[in-house]
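In the order they appear, the protein sequences are chains A and B. If you're matching positions, the first sequence starts at 333 in our numbering and goes up one per residue. If you're matching positions, the second sequence starts at 51 in our numbering and goes up one per residue.
The hints are simulated quantities; they were obtained by calculation from the structure and are not laboratory data. Hints may be right or wrong, so weigh each one.
[Unchecked claim] Here are the simulated lysine to any residue pairs, SDA-like style, with alpha carbons at most 20 Å apart: (1) B:Lys133 x A:Arg606; (2) B:Lys135 x A:Glu762; (3) B:Lys90 x B:Pro555; (4) B:Lys133 x A:Val692; (5) B:Lys295 x B:Gly242; (6) B:Lys243 x A:Val429; (7) A:Lys536 x A:Lys507; (8) B:Lys380 x A:Ser765; (9) B:Lys73 x B:Ser519; (10) B:Lys221 x B:Met610; (11) B:Lys128 x A:Trp650; (12) B:Lys128 x A:Ser741; (13) B:Lys135 x A:Ala488; (14) A:Lys737 x B:Lys380; (15) A:Lys751 x B:His347; (16) B:Lys133 x A:Ser542; (17) A:Lys751 x A:Ser741; (18) A:Lys510 x B:Gly242.
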Amino acid sequence: MVEVTDVVCSLCGCVCDDITVEVEDNKVTKVKRGACSVGKSKLMGHNRIKSPAIRVNGELKDCSYDEAIKKAAEILAASRRPLLYGWSSTVCEADKVGVELAEELGAVIDNTASVCHGPSVLAIQDVGLPSCTLGEVKNRADVIIYWGANPAEAHANHMKRYSYVSKGFWTEEGKKAKKLVVVDVRATKTTKMADVFLQIEQGKDYLVLSALRAILYGHADVVPDEVGGVSKKDLLETAEMMKGAKFGATFFGMGVTHTGARQNNIVNAIQMTRAAHTHTKFTITPMRGHYNVAGINQVCTWETGFPFAVDLTRGYAWYNPGELSATDLLIRQECDAALVIASDPGAHFPGESIKHLAKVPVIQIDPFPNPTTEFADVVFPAAVSGVEAEGNVYRMDNIPIRLRKLIDSEYPEDEEILKRILDEVRAIKEKESN
Amino acid sequence: MAEVLIKNGVVYDPLNGVKGEKKDICIRDGKVVAEVKNPKVIDAEGRVVMPGGVDIHSHIAGGKVNSGRLFRPEDGRKGLEAKTKVCRMQSGYSVPNTFAIGYRYAKMGYTFVMEAAMPPLAARHTHEEMVDTPILDNAALPLLDNNWMTMEYVNGGDIDLLAAYVAWIMKATKGFGVKIVNPGGTEMWGWGKNCSLNDTVPTFNVTPAEIIKGLGEANEKLEMPHSIHVHTNMLGHPGNFEITKETYDLVKGVNTVKDRQVMHTTHTQFHSYGGTNWGDFESKADEIAGYINQNDHATIDIGSVILGDTTTMTADGPMEYNLYQITGRKWTNHDVELETGSGITPFLYSGKSPVNTIQWAIGVELALLVEDPWKIALTTDHPNAGPFIGYPILISMLMSKKRRDESSADMHKVIYDKALLPSIDREYSLYEIAIITRGMTAKALGLHEHGKGHLGVGADGDVAIYDMSPEETDAGKIQKAFLNTKYTIKGGQIVVKDGEVVATPDGKTYFVTPECDDKLTDEMMVKLKDKFDRYYSVTLNNYPVQDAYVPNPYEIKTQMRG
Ligand code: SF4
Ligand SMILES: [Zn+2]
């Protein structure tokens, strides 16, 4: 048995990196400290795709990697409008090959941001993002706001490692000396911990943000007695708390990116942060979901110039979310083949998109079976990044951390599978041009 | 490997004193040699030949560059070019994608670029992008001035321990030299504040002046190839020239065993301002140049303005906030725990604006008023004062008074009262251009000892052949020649021919590994470990940049002086 320290969790955007595990006989046998329960179960391993497979007459039939590579490359090379989707639960090294494959194919490359924090990216492109690393929050923040986010359940270590419950240089007393504000449409495990819980009506985030902004800019007089289900008194108190902060940190989640005014909610949240910044230091950070969704946005941006929804048909990058995101492409029934990696559109896309996706040939690369596997035509099992493979990922605050390899895998890494598909696609194109 | 012979070129190789001589250049196995036997011959036909360009300060890779790209799709769309058989796709103007950065620099004859600011905690990011930047050799300067470790050692006067920390950071980040950006001010920006040179930073009880001096001393103890590289306090504030001069004085007495400056101050245009507000704002380039002329311990790069839209970005968080307050455009900020910060905002330099006009003049004035070109480097602080693609414009202005007069006539008339440019007659020679774009920069970085910036035997086979005769005086033609080389040769391989990229080899990453006494390191590690245990959000073991991030390493070892 060996004990491995400083293990990095490859599950959520917290990317906890202080985990200790025990490894015996090429297995993670115990997670000793550091991980939350879902992180633990990822590290311990679970149900895997066993073999590469190709669908024949409606049934997935096991095959060799060579056969699957060949089939996948044929599908992609023959496609007129391929879509390469996913990328946020794998490492940057794989993402880079993904962009290169998209370039070679003239494909649309999109990542899961388009169905989670895509609206946040649009908002950032509109107004920017005054933010900071999570360690800044830990060391300085005395007022913490979670808006449309439920970290106690979705990012279990977030408060303990980085925010409300953590202890840092100017925050030695921990939560005793901090204030927690939670804004949500319903009571959650997180709202129970809050000093202030603003329970707002569904879809009214924009209004409540506007009211707080107005108060912070000194225009409390224009705010009515009640806004989006919150009393003016509570809003005034919250604004006072924000103004009184030495360092304020707002975190926002999917509850606000995908309801009501969507990206305009986020623009407004950022503007509220700027308003607070006229009184004291205030920052704002999106609660990114998958462990490397920030990373695919980074890679896609430095390689293509744009973070998601990028069309490479013309040989250069054309960026137009709303037209070129995966779901848009599928709803318009434009895409005629798809490669899905490390994600599950079968479970997360709107029905109409899934309907079209199920009709076209789909190549899946994933360690784990999921609803997308049900209709995938070529399936590649891959090594689990962070357990069986190393590589770079970006935490939700864009801090790059290297995942560790703990045990050997019988499966190849995502990067290797993609490289082999790319080589095969090039070989096919070479043959065709001769 | 194949041999290359460049014949009939007129060679400008300042580090070897070659001033426009007809001279053959021989390359074998990527290095300059005395003679070759069976070479591929490139006939330069009387064109201008220089060593590959060395950029001393440019923001080309890392978190804030990419945040700039991400939040400016409108800039990305300006530079779109489809992939070719050789090149990958390109995008962007002031914030080009990594591929475009490599190709465009190579087309201008550059083969080495220094990334000017690497937040240590995010060093992996900088390296990931540098690896993805084709052709160019590269290196990066880790930020070391707002670090709590630095401030605590400066406060205690422990320069040896500070040196041990600097050495550790160099190794942990695979960094090249000590970068200082608004010392103290960026830490105070953690609370939304800023400070000037002699203010005390609360909690840490040090002044920016003490930080600069301490790091200057530590840097020389480690015998680093480069001096400290300083973005002084109060960037962009009217009247800041006094602070800039005072900053130079801080390290006047610092000794070095190296044959170079002990301080390089960067984008000095932004630090040469007179006046008390934007109304009476004026150029003090003469004051700064006067200081540099009278002293030998400091060098500068100009950070000259290129008119038009750009994306400003710096670790100087409060400065970017001020700029955003002026323009009201979008603003991104990213403070980095225990170390540094950054801010980004778009900016338009307009010839119609009196302030921008004076700024535009100052950078060029500095280059013209500093008498010794070995003390000055050509930069735009890409992309802060403008994108690097504007270098050929600057070269043509330095070489042509006529060009400057014509351009000045298009600017706000304030240029005739509050700037000095119209009164300066000096014109740069090609030899002087070669100094400020390769000879001086390589020497100031200490890279001339590692084959950069010259064409002596043993140097890297990095050569630029510009499509112009040495007698050319037409500014337009000069500009065109410096934008797209006839040939760029990198390590003996032709990478650009007739202005087109024809090969894209990987660049090398240069980094410095200073060694110091184990006892000193052990003592320093006690303090550092405590920082990680209690304050950092990553662990000590996950912090250092792994070898995987630097696939083409060039290591420079140094030893701390006792
Ligand atoms: S909080 Fe997220 S990153 Fe941390 S252990 Fe849990 S799942 Fe993993
Ligand atoms: Zn700079």
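Hints versus structure:
1. A distance of roughly 40 Å separates the Cα atoms of B:Lys133 and A:Arg606; the hinted pair therefore is violated under the 20 Å criterion.
2. Taken as a hint, the B:Lys135 and A:Glu762 pair is honoured in the structure, with Cα atoms around 12 Å apart against an allowance of 20 Å.
3. Of the pairs offered as hints, the one joining B:Lys90 and B:Pro555 holds, with about 19 Å between alpha carbons and a cut-off of 20 Å not exceeded.
4. Distance check on the hinted pair: B:Lys133 and A:Val692 sit about 28 Å apart at the alpha-carbon level, beyond 20 Å; violated.
5. Pair hint B:Lys295 plus B:Gly242 does not hold up; C-alpha atoms about 27 Å apart against a cutoff of 20 Å.
6. The straight-line distance between the Cα atoms of B:Lys243 and A:Val429 is roughly 43 Å, outside the 20 Å bound, and the hint therefore fails.
7. Taking the CA atoms of A:Lys536 and A:Lys507, the gap is about 29 Å. The hint is violated against a cut of 20 Å.
8. As the CA atoms of B:Lys380 and A:Ser765 are separated by approximately 47 Å, the hinted pair breaks the 20 Å bound.
9. Only pairs whose Cα atoms come within 20 Å are accepted, and B:Lys73 paired with B:Ser519 is accepted, the gap being roughly 14 Å.
10. For the hint pairing B:Lys221 with B:Met610, the CA-to-CA distance comes to about 14 Å; that is within 20 Å, so the pair holds.
11. For the hint pairing B:Lys128 with A:Trp650, the CA-to-CA distance comes to about 11 Å; that is within 20 Å, so the pair holds.
12. Proposed proximity of B:Lys128 and A:Ser741 is contradicted: the alpha carbons are some 45 Å apart, above 20 Å.
13. Taking the CA atoms of B:Lys135 and A:Ala488, the gap is about 48 Å. The hint is violated against a cut of 20 Å.
14. Proximity of A:Lys737 to B:Lys380 is assessed by CA-CA distance (about 40 Å); at most 20 Å being required, the pair is judged violated.
15. A distance of roughly 52 Å separates the Cα atoms of A:Lys751 and B:His347; the hinted pair therefore is violated under the 20 Å criterion.
16. Proposed proximity of B:Lys133 and A:Ser542 is contradicted: the alpha carbons are some 45 Å apart, above 20 Å.
17. Simply put, A:Lys751 and A:Ser741 have alpha-carbon atoms about 18 Å apart, close enough for the 20 Å limit, and the pair holds.
18. Restraint check: the Cα-Cα separation between A:Lys510 and B:Gly242 comes to about 19 Å, which is no more than 20 Å; the hinted pair holds.
Hints 1, 4, 5, 6, 7, 8, 12, 13, 14, 15 and 16 from the earlier list are contradicted by this structure; the remaining hints agree with it.
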